Amino acid sequence: MKQIVTAIALSLSLAASPVLAFGINMSTLTPDLTYPDPAPEPVTQGNSGINK
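Going by mature numbering (1 follows the signal peptide of the UniProt record, and there is no 0), the letters in the sequence shown line up with residues -21 to -1, 1 to 31, in that order.
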């Protein structure tokens, strides 16, 4: 009985391996990177800016 279960498991794993191999998509392995927009510069008028 143990040999039958082993043979069935082996045959199912060999039959399913091509399906699993083709199921992997490259977009899931290397996702597109997105970066946030840079923060805007603070707006100052005249001498009200940061003192040096």
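One should not assume that every hint holds.
Said to hold, decoys possible - With beta-carbon atoms standing in for the labels, derived distance ranges:
1. P21 to A(-6): 53 to 63 Å
2. K(-20) to Y14: 50 to 60 Å
3. P10 to S(-11): 34 to 44 Å
4. A(-6) to P15: 49 to 59 Å
5. T13 to S(-9): 47 to 57 Å
6. Q(-19) to L12: 36 to 46 Å
7. Q(-19) to S6: 51 to 61 Å
8. S(-11) to T13: 23 to 33 Å
9. P10 to V(-17): 54 to 64 Å
10. I(-18) to P10: 35 to 45 Å
11. L(-12) to D16: 29 to 39 Å
12. D11 to S(-11): 46 to 56 Å
What the hints contain is simulated information worked out from the structure, not anything from laboratory work.
Predicted model, so just to flag it, every value in this text is computed and none were measured.
Backbone N, C-alpha and C fix where the C-beta goes; we use that ideal spot for every residue, glycine too.
Taking the hints in turn, this is what the structure says about them:
For P21 and A(-6), the hinted distance range of 53 to 63 Å is satisfied, since their beta carbons lie about 59 Å from each other. With their beta carbons about 56 Å apart, K(-20) and Y14 fall inside the hinted range of 50 to 60 Å. Here the CB-CB span from P10 to S(-11) is close to 35 Å, well matched to the stated 34 to 44 Å. One distance hint, 49 to 59 Å for the beta-carbon pair A(-6) and P15, is violated here, with the actual separation near 41 Å.
For T13 paired with S(-9), a C-beta distance near 38 Å fails the hint of 47 to 57 Å. Against the hinted window of 36 to 46 Å, the Cβ-Cβ separation of Q(-19) and L12 comes to about 51 Å, which falls outside the hint. Taking the beta carbon of each, Q(-19) and S6 are about 42 Å apart, not inside 51 to 61 Å as hinted. In this structure the supplied range 23 to 33 Å is violated for S(-11) paired with T13, their Cβ-Cβ distance being about 44 Å.
The supplied range of 54 to 64 Å is broken by P10 and V(-17), whose beta-carbon atoms lie about 40 Å from each other. Range check, I(-18) to P10: about 43 Å between beta-carbon atoms, so the 35 to 45 Å window is met. The hinted window of 29 to 39 Å between L(-12) and D16 is violated, with their beta carbons roughly 54 Å apart. Here the CB-CB span from D11 to S(-11) is close to 39 Å, at odds with the stated 46 to 56 Å.
Checked against the numbered hints given earlier, this structure breaks hints 4, 5, 6, 7, 8, 9, 11, 12; the rest are met.
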